[in-house]
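4 protein chains.
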Amino acid sequence: MSPAGGPQKDIKDYFQVYSLGEANLPNPVDIPNGQYIDPSVRIPLDPFRKISSHKHPIIQDKRTFELAGPRQLIYFQPEQTRAAIVSCGGLCPGINTVIRTLVMQLHYRYGCRDIWGIRYGYQGLRHEAEDSFVRLNPENVSGIQDAGGSILGSSRGHPSCEEMVERLIKHEVQILFTIGGDGTQRGAEEIFDISRKKGYKLSVVGIPKTIDNDIAYVRKSFGYETAVSIAAEAIRSAHNEAVGYRNGISLVKLMGRHSGYIAASATVAAGHANFCLVPEVPFSLYGRGGLLEQLAKRLEERKHAVIVVAEGAGQNLFEDNQRSYDDSGNVKLENIGEYLRHTIVEYFKSTCGINVPLKYIDPSYLIRSAPAGSGDQLFCNKLAGAAAHAAMAGKSGIAIGYWHGCLTHVPFVRLRDYRQMISPGGSLWFNVIEITGQPAQMLAT
Amino acid sequence: MSPAGGPQKDIKDYFQVYSLGEANLPNPVDIPNGQYIDPSVRIPLDPFRKISSHKHPIIQDKRTFELAGPRQLIYFQPEQTRAAIVSCGGLCPGINTVIRTLVMQLHYRYGCRDIWGIRYGYQGLRHEAEDSFVRLNPENVSGIQDAGGSILGSSRGHPSCEEMVERLIKHEVQILFTIGGDGTQRGAEEIFDISRKKGYKLSVVGIPKTIDNDIAYVRKSFGYETAVSIAAEAIRSAHNEAVGYRNGISLVKLMGRHSGYIAASATVAAGHANFCLVPEVPFSLYGRGGLLEQLAKRLEERKHAVIVVAEGAGQNLFEDNQRSYDDSGNVKLENIGEYLRHTIVEYFKSTCGINVPLKYIDPSYLIRSAPAGSGDQLFCNKLAGAAAHAAMAGKSGIAIGYWHGCLTHVPFVRLRDYRQMISPGGSLWFNVIEITGQPAQMLAT
Amino acid sequence: MSPAGGPQKDIKDYFQVYSLGEANLPNPVDIPNGQYIDPSVRIPLDPFRKISSHKHPIIQDKRTFELAGPRQLIYFQPEQTRAAIVSCGGLCPGINTVIRTLVMQLHYRYGCRDIWGIRYGYQGLRHEAEDSFVRLNPENVSGIQDAGGSILGSSRGHPSCEEMVERLIKHEVQILFTIGGDGTQRGAEEIFDISRKKGYKLSVVGIPKTIDNDIAYVRKSFGYETAVSIAAEAIRSAHNEAVGYRNGISLVKLMGRHSGYIAASATVAAGHANFCLVPEVPFSLYGRGGLLEQLAKRLEERKHAVIVVAEGAGQNLFEDNQRSYDDSGNVKLENIGEYLRHTIVEYFKSTCGINVPLKYIDPSYLIRSAPAGSGDQLFCNKLAGAAAHAAMAGKSGIAIGYWHGCLTHVPFVRLRDYRQMISPGGSLWFNVIEITGQPAQMLAT
Amino acid sequence: MSPAGGPQKDIKDYFQVYSLGEANLPNPVDIPNGQYIDPSVRIPLDPFRKISSHKHPIIQDKRTFELAGPRQLIYFQPEQTRAAIVSCGGLCPGINTVIRTLVMQLHYRYGCRDIWGIRYGYQGLRHEAEDSFVRLNPENVSGIQDAGGSILGSSRGHPSCEEMVERLIKHEVQILFTIGGDGTQRGAEEIFDISRKKGYKLSVVGIPKTIDNDIAYVRKSFGYETAVSIAAEAIRSAHNEAVGYRNGISLVKLMGRHSGYIAASATVAAGHANFCLVPEVPFSLYGRGGLLEQLAKRLEERKHAVIVVAEGAGQNLFEDNQRSYDDSGNVKLENIGEYLRHTIVEYFKSTCGINVPLKYIDPSYLIRSAPAGSGDQLFCNKLAGAAAHAAMAGKSGIAIGYWHGCLTHVPFVRLRDYRQMISPGGSLWFNVIEITGQPAQMLAT
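Chain order of the listed sequences is D, B, U and Z. Residue numbering for the first sequence follows the working numbering, beginning at 1 and increasing consecutively. Residue numbering for the second sequence follows the working numbering, beginning at 1 and increasing consecutively. Residue numbering for the third sequence follows the working numbering, beginning at 1 and increasing consecutively. Residue numbering for the fourth sequence follows the working numbering, beginning at 1 and increasing consecutively.
Please note: incorrect hints may appear among the correct ones.
When chains are identical, the list treats them as one kind, so a pair holds in a single copy or across two.
As the list claims (entries may be wrong) - Here are the simulated DSS-like pairs of lysine-lysine, each with C-alpha atoms no more than 25 Å apart in a straight line:
(1) Lys297 - Lys170
(2) Lys62 - Lys50
(3) Lys50 - Lys349
(4) Lys297 - Lys198
(5) Lys349 - Lys332
(6) Lys220 - Lys170
(7) Lys332 - Lys198
(8) Lys170 - Lys201
(9) Lys170 - Lys197
(10) Lys198 - Lys170
Hints listed in this document are in silico derivations from the structure and should not be mistaken for laboratory results.
Given the sequences, and given the hints that come with them, work out the whole structure.
As structure tokens, then:
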């Protein structure tokens, strides 16, 4: 969870944001009391203060983020600006709210009426995807926030960034909003780089989408709260199944390739799971102190158990296997859910001679495709508003970050600093330990 | 959906209910206006009237059901009667409401205070399951109706009925309520038969539990409405996933081993599915008019498709395979969901060279373990009330049926007459055809 | 709950349906297996059979209903027929589903493409309401079933029926679907009568809408199930408020002007209310055995109480007051909710000297405007399908009824036979008594 | 929203926390990796940095908060410590989760087994409230997090703090957790002061409960998110009612006595309201630019309108009225909801001669009594954990605050610094303006 340290620490311009040019047009957005963002006020990467014995606070890290929000002066002439929106990767609650707010803000607040959606993700920027641009306006985005999914559709992978930039130039797109995960934002970074090299003034602004909540400098990503809420419901159901049978075991597989936030938070929110397995905390199956022994103990004592497992957990168990990759370039994970399902059943059959009734529950698509809850509705609104403001002000090559309660501008390049993960020594994992009663470590000795 | 015909048609005592003896004790249940059930009023198996040209109604089937409800005179002395409740088989929304209402009715209305729950289904009636009887009272069933699952737990399979009867006699149980499906009620029938042969006065009253809604003479089973409601939500999510990708396909597998009611009703209720496959309507995969051709057509026209499949659909596709059986004695079905998932992906890859993004969604356990919705709360209340009245009146060997809006007494033996299934010529299937737009037949020519 | 008796009993044509003319066009609706409705099969008003001692069933009431559904031959030429839909009165979950299904059926099944919605109820049929006709087609009704309310809007009251008929003739409307309550269907009856007198061939088919579930020959009206479900949630919340304070009282006011179905069913479904007050069962406030005494007893024993009151309950308490009427011609009821709220607080202050913390909860609009639950989605689908079939077959002057599980055709004139009400001697009220523990009678002696 | 400024600004010990004595017992809480809170790391009141032209960050406010969390050393010997929990004031989603987590943490993590709940708030600390202490343990708090309300009950007002301290001393309570709003925490402050003066070692730790989200230094209070979520649902329903009638107006009254957070956030989350009225932004009814004129304009253009009003909005309209106070000492507000309801109807009748169908919706109790959503489940868990850690470490006289994403210790006295309110120049209000389209100001000129 903590950003990478190292020698860059004292670089003042670590989070420097690129501008397409001087912003010298008055902002048509009518802010009550006219409180536009003051560019000299920034939120530090490390806001905490170390108070020494003589109580002089020491600033240990000078890096600070630019705050997102409406600027007094903007770069683009709204009536003459063409904007486009693309959404990529897996579904996530809130995409439609982001799309809608972008359109509403650009249209009503800035007076920009030339807004387009690109169908089916980056694949819609292929040369041959001719019909992939659809006009967006307040009428056709009305009410879409109440539906899950993405009205634009999505896809995995992308054509060459060179091709995508050509397509954007051909369509005279000046602002591109990229809704997507780390792969998408890497693509956006390359689009930004290529367009700069070509001297084409393109504002590329990313809205990070990661249901796993694992992108750097984005403490909370949109859709994540809703995902936790539905995952918690699934855990409650799993509990009912488990207690319904002698030695009943429910195994709930949740999203989380490298970061187990959904599994951990849903475990705490639901309060019924007995084991929570996440990628950040390796565990053993066999041997003293391993999961199977703990599980056997639990069954003996309470006659049922609920296990929550993030999809990327326990990859240490497959260390010798070959790796393969999907269309978005992500490592294909071994299926820990199916593996546990079979291993557990087999273990109890062979060691205790009992057939444990194990129910395997994988609610992933039901979670991804759900409409955003009200917290995410609010959050998507703010994120999309921030993205619109950044783009109109001529910022480019940035994603909207979230840091200590503030929306920020994060240069694309910085998103690669680290992956946000659960700290095994932090409070979320501590809460998991508390609520499950599982041992802090399940590594066999 | 229509009961078996045949020569028994004119047997007046077709649905004759067995009584343990004369009911001659006044019913302590204080009915407002004292309207106890009039035993001479019955609901016909076939209530419709054929009006000939000269308008004289003809009764074509003389069979009628006894109506369930409180009787003026009862058989058991409530203060001296011991009742037990057992729930078996898969979970289903509403089991806890049935348990709670049984306890509340017996306790408060009849004054029977000697009520027991048997843990983990019929397995709790094994000789060695010594701790399997738990006392039930208004305090420990308070609020359980709000939770899914079964507070008593359940199991599949059972010890010999001989053993179960011995156990019941040993514990001096006089009334046994059996909450379960057709297997459970076959067991209940045998318990009833054995106890009769032994001359032991045991009232056995079944509350049919079948999330598939497939038991004879039970038009609507408890939990079914709730199941449809949650299944419909899953279809809505599946729709979001499908439209989210070019050629996106969502495949939702729902319960329904021999009867596709949940799949069909959820399809109509959700209104987003394009194909609904049920056991009652065989279909082909390949060839002209088969599912795959229809699916390809749909993708070409609309770029996405949602398929709902009942777990027992398409068993004709596996005709040559060997059959195996589970612990409850049910035929193990071939996994049509997994089969379609692979076949569809393979088909589009080999015939069109495209990778269709297929999302496979199986919400079964999330449905089974959900708490009952309000419609089922009401219905479980009535069912359990009817069961309590029947037992106290000394009826035995019956399940509570539901026919043309009335709760009835159905002798166990009759439950084997037929299995309730969707009529391919009836209105539910017609609604499915209408709302999906799928062809009435998908058998390849 | 039981229809009016009397001398008409033996009239064979009691529920005779009017036809605009001979139906001699083939039905384009492709029914699987071709099972169109057989007009000679009818469902009896009284399907029960009285079995005398010698077991010969006696038919006591010869009246039977025509069954709704698709006919082999139809009257209107679909391609040349203009249909219109109007929704009147208060909102109710499911109106949009009814509208959508009517449009989908007429368009896709019958090939009728000339379908109109009338804005804001009967008021849209005023001469001066010029823009009140809006074209309806599958595109603009797509997805509306997921939203509450009515896309057409509604209104109370209406212009003269003469004026409405003129307007319909001027617009060459041949089929009119009227979604509304008893007032609306009385209007529809008059429209039917006038158009007949004028010799104008107009099919008028009503879809009864009554959240109170109080229309004759309609055992369950659409939206009612959803209403009960939301009302039950409100009772659960009310329970939390009540137990949260010493002597806490929650008073939940629900819909039900003359029939307390929502209050009674929600009470049973929620299982937390201690008193349920409905119009059908008068009660006293003061005196021995009156509500206040019972309430005081409950507070003394349990320290909290939840009261559910239907809006039309306790009108006996206002007997001497003058009556006034609303725009739809309904009697304005005295506000029993507000009255109880003040009376209860005052009673405990004056008799016991305590300030009871009373929370008054009126969720009516939240209930009326909710989207239909899945049970109602299914039911609305069937109702609207039945209405479309009836109209295309040339039936007129009828509403779609629901009797012993079957959809029927009920002549408008018959809707005035009686008002459906809870029978104080029947099973629903018995369930209320059981679950609340309230006395069967609370009339002071 | 911004804390009070003034001369104290440079006081280093502004948020100094009181300790009962030296914490020198090892903490039995087994933190994974042993990362106890480092007392020298603090979160600043103002974490932002002003970057001048030469880019040297300036710290403008030296005040910092102590961070909440587990300490390496604790003060109380857990096995010999008696803790008590009291909840006061109005209900709020999450109270039961706070209670449960306190019990679970104290019991399982610290080994403290002597935990009591006080029934019905501070009233349970009256001398005569003899039975008001109930034992709490993991068994009787199991599952309570799934229910709304408070298992301990609540009350308004309190006996003298002197009396409450006597009662606590008599019962040998060493730790008191006070769940409640500003009135409750003022009482807690006085209990803390009196016990100190008496030399009685009592740890008093407050968990701020304010559904209005208006307590100083508590950026987000528990239950608030859930409240917004349910309020947003009510706005969606209100929208259906409004569009359902020509000139339909829905008026939704929400909680918010002095701070309009629920109204504003629910407005943004729901996205259907046209006017949002909060206490922080005064408005006029009559005259050019006043609400009524704006509303008339809206009706003319769109034929319907949804108004959301916080209960404390528009108090400027009642300026000349006398004030009165409730049992908790809060000013009784004028009923703006009822006032608007009548004024709006009257206005349109008198100025335009039309009867606007206005629906008044007050979901307050349905919101307050709801169970916590998953976000609040997580948050309550953290809050209660923090409170338990603080108390065991011997901290006293503090509430748990929430500042820039961190849980903090806030001395009771500081809670009186300011009331948290919406800034009319900040981003939340800006979002409201954007989504409603209402003018930034509605003060008549």
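Quick rundown of the hints versus the structure:
1. Lys297 - Lys170: This pair counts as neither: shortest intra-copy Cα distance 65 Å, inter-copy 33 Å.
2. Lys62 - Lys50: both (14 Å within a copy, 12 Å between copies)
3. Lys50 - Lys349: Classified as neither: same-chain Cα gap 55 Å, cross-chain 59 Å, threshold 25 Å.
4. Lys297 - Lys198: neither (65 Å within a copy, 43 Å between copies)
5. Lys349 - Lys332: Between copies only: 20 Å across chains, 30 Å inside a chain, cut-off 25 Å.
6. Lys220 - Lys170: Close neither inside one copy (36 Å) nor across copies (47 Å); limit 25 Å.
7. Lys332 - Lys198: For Lys332 and Lys198, the Cα distance exceeds 25 Å both inside one copy (35 Å) and across copies (64 Å).
8. Lys170 - Lys201: within (13 Å within a copy, 60 Å between copies)
9. Lys170 - Lys197: Intra 16 Å, inter 68 Å, cutoff 25 Å: intra-copy only.
10. Lys198 - Lys170: Cα proximity of Lys198 and Lys170: one copy only (13 Å, versus 65 Å across).
In this structure, the hints that do not hold are numbers 1, 3, 4, 6 and 7, in rising order.
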